[in-house]
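Going down the list, the sequences are from chains R and B.
Quick note on our numbering: the first sequence kicks off at 1 and runs consecutively.
Quick note on our numbering: the second sequence kicks off at 1 and runs consecutively.
Hints may be right or wrong, so weigh each one.
What the hints assert, rightly or not - Straight-line Cα separation of at most 20 Å, EDC-like style, residue types lysine to aspartate or glutamate; simulated pairs:
1. R:K130 <-> R:E75
2. B:K89 <-> B:D140
3. B:K71 <-> B:E27
4. R:K130 <-> R:E67
5. B:K196 <-> R:D192
6. R:K148 <-> B:D192
7. B:K196 <-> R:E188
8. B:K148 <-> R:E141
9. R:K148 <-> B:E188
10. B:K84 <-> B:D192
11. R:K196 <-> B:D192
12. R:K71 <-> R:E81
13. R:K134 <-> R:D152
14. R:K89 <-> R:E188
15. R:K15 <-> R:E27
16. R:K106 <-> R:E75
17. B:K38 <-> B:E13
18. B:K95 <-> B:E27
19. R:K196 <-> R:E85
20. B:K148 <-> R:E27
21. R:K129 <-> R:E141
22. B:K15 <-> B:E27
23. R:K196 <-> B:E188
24. R:K89 <-> R:E75
Claimed, not checked - Listed next, the stretches of chain R that the computed footprint assigns to chain B, with coverage defined by at least 3 CB atoms under 8 Å from CB atoms of chain B:
25. 76-90
26. 156-169
Worth flagging that the hints you see were computed from the coordinates, not collected in a lab.
Just so we're clear, the structure is a prediction, and the values are computed from it rather than from any experiment.
All C-beta atoms, glycine included, are put in the ideal place defined by N, C-alpha and C.
2 protein chains.
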Amino acid sequence: MGLSERKLRQQQELKDQIITCSREIVENEGWAALSIRKIADAIEYSVPVIYKHFENKDAISSYFVEEGFDKLLMELNQHIEPSKEVSIKLRQLAKGYWLFAVNHPKHYEIMFGLGIPSCDRINEYENIKKVSEKMLNLIDEAILASGKEHVDRYLKLKTLWSILHGIVAIELLSLNTRENICPSAVLEDAIDGYIKSILV
Amino acid sequence: MGLSERKLRQQQELKDQIITCSREIVENEGWAALSIRKIADAIEYSVPVIYKHFENKDAISSYFVEEGFDKLLMELNQHIEPSKEVSIKLRQLAKGYWLFAVNHPKHYEIMFGLGIPSCDRINEYENIKKVSEKMLNLIDEAILASGKEHVDRYLKLKTLWSILHGIVAIELLSLNTRENICPSAVLEDAIDGYIKSILV
DNA sequence: TATTTTTGTTAACAGTGTTAGTAAAAGTAA
DNA sequence: TTACTTTTACTAACACTGTTAACAAAAATA
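Based on the provided sequences and hints, a complete structural model is requested.
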C-alpha cells in the first residue's frame, strides 16, 4: 500500500534538491531572485512538482527560517563556555550572535527582515524560544551575581536582543557612518554598557 | 514654448495624487500590496501616466524614504531642547527616534527594512547625514562633558544608532518575548547604559 | 493482462513591472 | 478657420511572478 522505501528516498532526494537549489539562488542572487520557476528549471522538473514538497513559496522561506534558528542556537552553544563567569559568557553570547549573522546574512535577513511576510509568523517557530531561554539563563545568572533581584529579566532580555539585533542590522545595511568602524568594536561598546547596567 | 502655468500645476496635482494614493495603499495594505496598476486605478489614469512622474516603482518608494528622513529629522528637532543638559538631550533624541518609528511604521520599514531593494541605496539620501550630524552633535557634547576626549565619536554614533534601531525593529517585529514590556522601558534601559558608557 | 494509483506534464489564470506604438487632444502658426 | 506640431494618454504587448486544474504517461497492484 504505502510508498516503497526507494520511493520515499527518491522523494526526499528531490526535496533536498529543491532546498539545495534554492539555497544557491538566494546565496548568489538574493531572496528577491528566488522564484518557483527558477527552482523548477534548476531541478529539471516542471513547476507543480515543487508544490508536492512545499505548500507554497512561503513554506520554502520558512524552511530557511527554521534552519537559521537551528544554526543560531548551535553558534551560541558553541561560543558560550559554561564554566566561565557570567560577564564573559554574555560577551561570548554576543559574539556568537554576531558571527551567525555575518556568516549567514541571507538567513538572518529572512529571519528578522522587516517588510517580508515571514515576520508575521516569527512567533510560530519553536527554536526562537530556545534562543530566548539561552539568553534568559545568562541574564538570571547575572541578576543573581549582582544581587539586584528586583531587575526585570524580560526587560533585560528585550534590551539585550534589541542591542544585538540593532548592531547586526546596521552592519548588514552597511549604513557606513563616515568611518569604517569594526563591527565587533560596536559590539564590545554596546555590550559593555549592557553588562554594566546589570552587574554594576 | 514651455508648459503653461496651468499645465505645470495640473502635472503637480497628478503627482500629488499618485503620492496620496500610494500612501493610502501602503498604510492600509502594506508595501507588498503597492502596485503600479493599483495606483493607476486609484488615480483613474492608465498605467504609463505614472511613468511620466516617476522613473519606476522604486522611485516611488524612494520618495517615501526621503519623506521619512525629513519627518525623522523634524521629530528629533522637536524633542531636543537645546538648553537642557546633554544626558537629557540624548534621552530626548531617543524618544524622538522611537516616536517617529511607532507613528510612521511604514516609513520606517521602507527606510531601514532588510531584504528590500532600497537598502542598497540608503547612503544616497541627503537627510540621513543630517540625522547623523544631529546625533554626533550630542555625542561630542557628551564626550566634552565627560572629559574623555579619547572616545571615538563615530564608534559612539554607530553604537547609538544600533541601539535605537534594534529597539525599534524588535518592537515593529512584535517579537513579543513572553511578557509585554513597554517599549519605552526598553528604551530607557538601553539608553541609560549607553549614556553611562560615555558620561560615567 | 487489466485496472488503479502515482507522478509529472502542459496550459491556463490572475497578478506583477515596464515599454513600444498609436490615437486623440491641445497648442501654435499661417 | 485651417494646417501643422506638440503634448498627452491610451491600448496592447513582453517578460516575468505564484498557483492550480486538467490530462497524459508511467508504475504498482489485482
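Here is what the structure says about each hint:
Only pairs whose Cα atoms come within 20 Å are accepted, and K130 of chain R paired with E75 of chain R is accepted, the gap being roughly 13 Å. A threshold of 20 Å between alpha carbons decides the hint, and for K89 of chain B with D140 of chain B the separation of about 12 Å falls inside it, so the pair holds. With a CA separation close to 16 Å, the supplied pair K71 of chain B and E27 of chain B stays within the 20 Å bound. Between the alpha carbons of K130 of chain R and E67 of chain R the distance comes to roughly 14 Å, so the proposed pair stays at or under 20 Å and holds.
At roughly 10 Å between alpha-carbon atoms, K196 of chain B and D192 of chain R fall within 20 Å of each other, so this suggested pair holds. Taken as a hint, the K148 of chain R and D192 of chain B pair is honoured in the structure, with Cα atoms around 17 Å apart against an allowance of 20 Å. Restraint check for K196 of chain B and E188 of chain R: the C-alpha separation of about 15 Å stays at or below 20 Å, so the hint holds. Proposed proximity of K148 of chain B and E141 of chain R is contradicted: the alpha carbons are some 32 Å apart, above 20 Å.
Between the alpha carbons of K148 of chain R and E188 of chain B the distance comes to roughly 18 Å, so the proposed pair stays at or under 20 Å and holds. A C-alpha spacing of about 17 Å is found between K84 of chain B and D192 of chain B, which places the hinted pair at or below 20 Å, so the restraint holds. The straight-line distance between the Cα atoms of K196 of chain R and D192 of chain B is roughly 10 Å, inside the 20 Å bound, and the hint therefore holds. Using a Cα cut-off of 20 Å, the hinted pair K71 of chain R and E81 of chain R holds, with the two alpha carbons roughly 17 Å apart.
This hinted pair checks out: K134 of chain R and D152 of chain R have alpha carbons roughly 16 Å apart, not beyond 20 Å. Simply put, K89 of chain R and E188 of chain R have alpha-carbon atoms about 13 Å apart, close enough for the 20 Å limit, and the pair holds. Proximity of K15 of chain R to E27 of chain R is assessed by CA-CA distance (about 18 Å); at most 20 Å being required, the pair is judged to hold. Restraint check: the Cα-Cα separation between K106 of chain R and E75 of chain R comes to about 16 Å, which is no more than 20 Å; the hinted pair holds.
As the CA atoms of K38 of chain B and E13 of chain B are separated by approximately 18 Å, the hinted pair is consistent with the 20 Å bound. Only pairs whose Cα atoms come within 20 Å are accepted, and K95 of chain B paired with E27 of chain B is rejected, the gap being roughly 23 Å. For the hint pairing K196 of chain R with E85 of chain R, the CA-to-CA distance comes to about 14 Å; that is within 20 Å, so the pair holds. The hinted pair formed by K148 of chain B and E27 of chain R fails the criterion: a straight-line CA distance of about 44 Å is larger than 20 Å.
Of the supplied pair hints, the one linking K129 of chain R and E141 of chain R holds, its CA atoms being roughly 18 Å apart against a limit of 20 Å. Taking the CA atoms of K15 of chain B and E27 of chain B, the gap is about 18 Å. The hint holds against a cut of 20 Å. For the hint linking K196 of chain R to E188 of chain B, the alpha-carbon distance of about 15 Å falls within 20 Å, and the restraint holds. Pair hint K89 of chain R plus E75 of chain R holds up; C-alpha atoms about 13 Å apart against a cutoff of 20 Å.
Residues of the region 76-90 of chain R lying with their CB closer than 8 Å to a CB of chain B number 0, which falls below the three-residue condition for coverage. Figure legend: the region 156-169 of chain R, annotated as covered by chain B; annotation consistent (12 residues with Cβ-Cβ distances under 8 Å, at least 3 required).
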